[in-house]
Amino acid sequence: MSKRKSTSNGEELSRKSQSSSNSSNSAGKKRSLPINLDSDETDDDDEIPSRSTEVTNQSSSAPAKDISQPDSVPSKKGKQFKKKSWIWKHATLIKVEGQPDKYSCMYCEKKFLRNGTGVISRHLKNKHNEKVKESKQCTLTSSAKLVAPFKFDSDTSHQLFLQFIVANNHSFSLGEEHAFRLFVASLQPLYRPLSRTSVKDKLMTTFIDARAKVTATLQEAKVALTTDLWTSPNKLAFMGITASYLTKAFKPIEVIIGFKQLLGEHSGMNIGDSFYDTIKLYDLQERMLSVTTDNASSNGCFIDHLVHLTRNNSRPFDKDMWVRCFAHVLNICVQKILEIISQLLQKLRDLVTSIRASPQRIQKFKKILKSFGLENEAYEPGEIAATNGAVITGDLLPILDVKTRWSSAYFFVKRGVKLRRPIDEIAKDVDLRKNELNRDEWSVLNQVLVLLEEFATITKYIEGSGYPTLSLVVPMYNRLLTILEDVSHHLHRSISHPLIVKGATAGLEKLSAYYDKASHIVMAATFMDPRLKMQYFIENGWSCGGESGDAFQPIEENLIANRVKPA
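Numbering (full-length UniProt numbering), first residue to last: 1 to 567.
Source of the hints: derived by calculation from the structure; they are not laboratory data.
We treat Cβ as the ideally placed atom computed from N, Cα and C, and that holds for glycine.
Do not rely on the hints blindly, as some may be mistaken.
Lysine-lysine pairs mimicking DSSO-like chemistry, simulated, CA-CA at most 30 Å apart [as the list claims (entries may be wrong)]: (1) K460 <-> K319; (2) K127 <-> K110; (3) K370 <-> K428; (4) K131 <-> K151.
Estimated spans, in silico, between C-beta atoms of each pair [what the hints assert, rightly or not]: (5) T156 <-> T457: 44 to 54 Å; (6) V417 <-> T482: 21 to 31 Å; (7) T215 <-> H266: 19 to 29 Å; (8) F183 <-> I332: 26 to 36 Å; (9) T469 <-> R421: 35 to 45 Å; (10) Y467 <-> F164: 23 to 33 Å; (11) Y467 <-> V417: 28 to 38 Å; (12) Y467 <-> T215: 36 to 46 Å; (13) A357 <-> Q159: 44 to 54 Å.
Kindly produce the complete structure, drawing on both the sequences and the hints.
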């Protein structure tokens, strides 16, 4: 508490100075506490510690200067004092030229001389106690800000702690770590973080409750299911299952309904049994609109087994409702192209490896980047994911491709072309000259980039989840087939290298094979898209007679009349 000057007699000043000193020493040994409105002690904001005297409302001919509430107000000697008292939440300051400053109650407009806050605080508690109670629990922080009323609830804290663990992939034993407990105690001494056993038990309870809610929601919808297998770094196989459906407002929703370990061999029957067990758990065996998988050889057997398992259902699963993942088809096609053109990328790959292998070269490359004005360039969002995080996000360095992700080859070439000048500059070093690229080699890399750019653009769109993509699969197939045909027949205006032409021919063969295997449901989705309809097929030279009718007829009644229905 700061010392205050007084114009009253010396004896009163002595008593108050002693009282103020004792209070200050006592307060220095304690933490700041919530404001106690039941006490008459208040934080005065003026210089005179004498008692306030209540005055009645009086009219004045002098104009009011200011009735707002600034963060600080001037004292009688011009010094700024911050308004720390709780009364400022319920009173305003009135300054009238030639008259003493006054407080005005916000609720009844009664006025009090500004000589202290004791009288107005008693007035507020006696006359407007309900209003005061609303802010009684507010705490005054060291920054003079009032914190909103807070009531500690251990159940709420437990739930938020569980969300924190799950959302950030933390260990279940986090709550048992000594340093973490000290940190939590500094925020709320009453809260004791959950142990690993309690976390496990509460998460299972939460999961069961959430599953019941999801099951109830899905009972009103026909769902499109997607499944895939994944092997963890410690060689455990898992099956993921996602259910997608439309709300009554036609908003697409995705829900993960399964992520379970797959025991035994990855045969079609074993995959089918595990998949169907999850479907029955959510009571979806009569509500399967479609099933999307990748193009693994075992998935054909899986779908056949699923048809067998549902044969006695009122709505058995139809194999025509099996959709092959288009993004996976693109991956297979591009991987085939990269097998053939990989040698065109090897020289750049070796050069980038050499640059990234030495801390000294990295530092030198950064200086070269700065000399070309490229030091502030940023990574694209897809680059980090495509390279499995093998990038230094704070620096614009050349990146390497990863064999398991074709898109990493696209970003690898794109980054190389973007940094051509710095790469050429550092390649002048004696030990890097063997991998220096000439003008023709850079031209070939540009041709590779043009071809991969087409696949990257379509992949980015098809991977979206907030909008339907199935209806555009046929147009996307046809666009890529046309491009590959043009390259294969030397008709493309930007691509002419023989090895790229050979790669495009191999990719065309692979893409055509999967196009012929595409489900009839893909064509039906194109028919039903108001942007396309029959006009798309007519404009692209299709013979829209018996062939189109034969493709659409078998699924028309099943898909449109019986299966498609929002939740």
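Evaluation of the provided hints:
A hinted pair counts as satisfied when its Cα atoms are at most 30 Å apart, and K460 with K319 qualifies at roughly 28 Å. Pair hint K127 plus K110 holds up; C-alpha atoms about 11 Å apart against a cutoff of 30 Å. Of the pairs offered as hints, the one joining K370 and K428 holds, with about 17 Å between alpha carbons and a cut-off of 30 Å not exceeded. With a C-alpha separation of about 19 Å, the suggested pair K131 and K151 falls inside the 30 Å cut-off, and the hint holds.
Taking 44 to 54 Å as the suggested C-beta distance range, the pair T156 and T457 conforms, at roughly 46 Å. Between V417 and T482 the beta carbons are some 25 Å apart, a value that agrees with the proposed interval 21 to 31 Å. One distance hint, 19 to 29 Å for the beta-carbon pair T215 and H266, holds here, with the actual separation near 28 Å. About 49 Å separates the C-beta atoms of F183 and I332, a value inconsistent with the hinted range of 26 to 36 Å.
At about 38 Å, the beta-carbon gap between T469 and R421 stays in the expected band of 35 to 45 Å. For Y467 and F164, the hinted distance range of 23 to 33 Å is satisfied, since their beta carbons lie about 31 Å from each other. Our hint of 28 to 38 Å for Y467 and V417 holds, since their Cβ atoms are close to 31 Å apart. Distance hint check for Y467 and T215: the Cβ-Cβ separation is about 26 Å, which falls outside the suggested range of 36 to 46 Å.
The hinted window of 44 to 54 Å between A357 and Q159 holds, with their beta carbons roughly 48 Å apart.
Figure legend: structure checked against the earlier numbered hints; hints not met, in rising order: 8 and 12.
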